[in-house]
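Number of protein chains: 2
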Amino acid sequence: MSEILFEKIALIGIGLIGSSLARVIRREGLTNHLAISTRSQATLDEARALHLGDSYCLDPRDAVHDADLVIISVPVGSSGAVAEQIAPALKPGAIVSDVGSTKASVIAQMQPHMPDHVHFIPGHPIAGTEKSGPAAGFAELFQGRWCILTPLPGTDQAAVERLGRFWEACGSRLDTMDPNHHDKVLAIVSHLPHIIAYNIVGTADDLETVTQSEVIKYSASGFRDFTRLAASDPVMWRDICLHNKDAILEMLARFSEDLASLQRAIRWGDGDKLFEMFTHTRDVRRSIIEAGQEVDLPDFGRQAATKN
Amino acid sequence: MSEILFEKIALIGIGLIGSSLARVIRREGLTNHLAISTRSQATLDEARALHLGDSYCLDPRDAVHDADLVIISVPVGSSGAVAEQIAPALKPGAIVSDVGSTKASVIAQMQPHMPDHVHFIPGHPIAGTEKSGPAAGFAELFQGRWCILTPLPGTDQAAVERLGRFWEACGSRLDTMDPNHHDKVLAIVSHLPHIIAYNIVGTADDLETVTQSEVIKYSASGFRDFTRLAASDPVMWRDICLHNKDAILEMLARFSEDLASLQRAIRWGDGDKLFEMFTHTRDVRRSIIEAGQEVDLPDFGRQAATKN
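Respectively, the protein sequence lines represent chains A and B. Letter by letter, the first sequence follows residues 1155 to 1462 in the working numbering. Letter by letter, the second sequence follows residues 1155 to 1462 in the working numbering.
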């Protein structure tokens, strides 16, 4: 148990990230009252059935009333509308943050609505799975993962530190970054991989020469790895593509350029070039494992997991 | 324990696949003598230290002498040279097979050297991890995975059935396929995914705007998934690219075409098209899990594996 960091916390949106936050806030005892709000009655009922919070409401204004910390966990395309809706109900001195995968767009959408008497501090925990909804969350999701805060110039440093302590209490490691740089970094480490995964699964789905059932039967030879990212929430990923367009298009251009050169090496049978390209990628995974960002087990630990 | 299927089995090549075969052959008691041969003294010593077989030799001719089943597990580019080398020493009536990821090229390389008095039956177990070498193998590797045999016209059916029983005793599910169709199927389910993974890891490695350490720190947001395939054996994958060129180039063209259309949807902010593209890919993973080819756990069971 950590200490009470905020008398009342409001979570707007209770999907994978929101419900994981609810679970770790409860486990660590970080608040005296956890208010949960989401647009859909069905999702709200699910959150209540899972006992994720202390109060539940469809209107986010009820949840943020008197809340000292408000965390918005909705698809990035909805953050502006939510900000506009909750603004009048926000408590003076409250910290308002989010978990969106794009920051420049979220800031552009939310900041105009934020009253001067609150601390608006955008954030992004680098954690997740391919699952969605309140039942998919778990308290360990943020353990050892990085959370990036992108505070705006002039933000109260004490408020930034307070939000940082909250994420650390949730198990996160903390970073701060310029919003535009965040969007470039995420475009390569998260957005491009998801887009490529969605694309290759789509390509395999559309072939005439190879049947769908063949793709599924033999997927253990590599293809199945891509289907995990491609099983992520379509609304979340549609919004990310719409709201981090420039950085994503830049990374896509680099990727396609490199792929054309690899394709040329295959066409011309340039074995030395292929060997060189396939060699220097190996160290990257080793570094990720050493950085504690990946399990040190073959095949993502699939074999080990099935032994449980 | 299954019954003795072959009095003597020779494994040429003792990497991930060869050493996994050795372990399951030993566990199931499928032979009275398991002979192991590999080019490198160091690898041979490693296999001996791991007690993978009954005899060990650098010269594959010594291993195949009197062997009733010979399985060649080497990079596909070396299968012709191995076939030529062992041909004079093969026992009449012996079954000679391989585990290569490309079949048309392996057949073209090996068949000319195969004496009429042996049964040459190409094969490919659809199983593996990103690890290489004798220490990386494990007896369960083939459990529930498919093994594809691509027998040539006029092959003795009894011999094909005997090889099939061997793979079933190793835990595999069995399929037969035309070699050229196999190469198209593998191009999409295995070769394209590996090439794309190698490429995206390469792209991330070459950026000026995002540092290597940022890519590693934040890789849990998607990128790390690709580093597994991109950590596979470079020689094996160089050879696959050189020996399944046409099918791979065909799949790369389809992939790039689809990616261009996805890129266009991002550029023009076509949210409906993006949503549609990101929706119909979800069922594919579900089908793979239902087919028993993927663990039914979020995040490949990484979380579950670390709980061991």
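By construction, these hints were calculated from the structure, which means they are not laboratory data. Mixed in with the good hints there might be a few duds.
Note that identical chains are pooled: a pair holds if it fits in a single copy or bridges any two copies.
[As the list claims (entries may be wrong)] List of simulated lysine to aspartate or glutamate pairs, EDC-like, C-alpha gap at most 16 angstroms:
no., residue 1, residue 2
1, Lys-1427, Asp-1387
2, Lys-1461, Glu-1322
3, Lys-1399, Asp-1220
4, Lys-1399, Glu-1182
5, Lys-1245, Asp-1220
6, Lys-1245, Asp-1216
7, Lys-1427, Asp-1412
8, Lys-1245, Glu-1315
9, Lys-1461, Asp-1387
10, Lys-1245, Glu-1362
11, Lys-1461, Glu-1404
12, Lys-1399, Asp-1437
13, Lys-1285, Asp-1437
14, Lys-1245, Glu-1161
15, Lys-1285, Glu-1362
16, Lys-1399, Glu-1315
17, Lys-1285, Asp-1450
18, Lys-1399, Asp-1424
19, Lys-1245, Asp-1199
20, Lys-1461, Glu-1294
21, Lys-1245, Asp-1222
22, Lys-1461, Asp-1199
23, Lys-1399, Asp-1270
24, Lys-1285, Glu-1182
25, Lys-1245, Asp-1412
26, Lys-1285, Asp-1387
Okay, the hints, checked on the actual structure:
no.: 1; hint: Lys-1427 <-> Asp-1387; in the structure: between (38 angstroms within a copy, 15 angstroms between copies)
no.: 2; hint: Lys-1461 <-> Glu-1322; in the structure: neither (32 angstroms within a copy, 21 angstroms between copies)
no.: 3; hint: Lys-1399 <-> Asp-1220; in the structure: neither (36 angstroms within a copy, 64 angstroms between copies)
no.: 4; hint: Lys-1399 <-> Glu-1182; in the structure: neither (37 angstroms within a copy, 55 angstroms between copies)
no.: 5; hint: Lys-1245 <-> Asp-1220; in the structure: within (5 angstroms within a copy, 85 angstroms between copies)
no.: 6; hint: Lys-1245 <-> Asp-1216; in the structure: within (11 angstroms within a copy, 83 angstroms between copies)
no.: 7; hint: Lys-1427 <-> Asp-1412; in the structure: within (13 angstroms within a copy, 26 angstroms between copies)
no.: 8; hint: Lys-1245 <-> Glu-1315; in the structure: neither (19 angstroms within a copy, 75 angstroms between copies)
no.: 9; hint: Lys-1461 <-> Asp-1387; in the structure: neither (29 angstroms within a copy, 26 angstroms between copies)
no.: 10; hint: Lys-1245 <-> Glu-1362; in the structure: neither (59 angstroms within a copy, 43 angstroms between copies)
no.: 11; hint: Lys-1461 <-> Glu-1404; in the structure: neither (42 angstroms within a copy, 39 angstroms between copies)
no.: 12; hint: Lys-1399 <-> Asp-1437; in the structure: neither (30 angstroms within a copy, 26 angstroms between copies)
no.: 13; hint: Lys-1285 <-> Asp-1437; in the structure: between (29 angstroms within a copy, 13 angstroms between copies)
no.: 14; hint: Lys-1245 <-> Glu-1161; in the structure: within (12 angstroms within a copy, 81 angstroms between copies)
no.: 15; hint: Lys-1285 <-> Glu-1362; in the structure: neither (30 angstroms within a copy, 33 angstroms between copies)
no.: 16; hint: Lys-1399 <-> Glu-1315; in the structure: neither (31 angstroms within a copy, 55 angstroms between copies)
no.: 17; hint: Lys-1285 <-> Asp-1450; in the structure: between (23 angstroms within a copy, 11 angstroms between copies)
no.: 18; hint: Lys-1399 <-> Asp-1424; in the structure: between (35 angstroms within a copy, 11 angstroms between copies)
no.: 19; hint: Lys-1245 <-> Asp-1199; in the structure: neither (26 angstroms within a copy, 71 angstroms between copies)
no.: 20; hint: Lys-1461 <-> Glu-1294; in the structure: between (21 angstroms within a copy, 11 angstroms between copies)
no.: 21; hint: Lys-1245 <-> Asp-1222; in the structure: within (7 angstroms within a copy, 81 angstroms between copies)
no.: 22; hint: Lys-1461 <-> Asp-1199; in the structure: neither (35 angstroms within a copy, 30 angstroms between copies)
no.: 23; hint: Lys-1399 <-> Asp-1270; in the structure: neither (30 angstroms within a copy, 62 angstroms between copies)
no.: 24; hint: Lys-1285 <-> Glu-1182; in the structure: neither (23 angstroms within a copy, 39 angstroms between copies)
no.: 25; hint: Lys-1245 <-> Asp-1412; in the structure: neither (51 angstroms within a copy, 48 angstroms between copies)
no.: 26; hint: Lys-1285 <-> Asp-1387; in the structure: within (8 angstroms within a copy, 31 angstroms between copies)
The structure shown violates the earlier hints numbered 2, 3, 4, 8, 9, 10, 11, 12, 15, 16, 19, 22, 23, 24 and 25.
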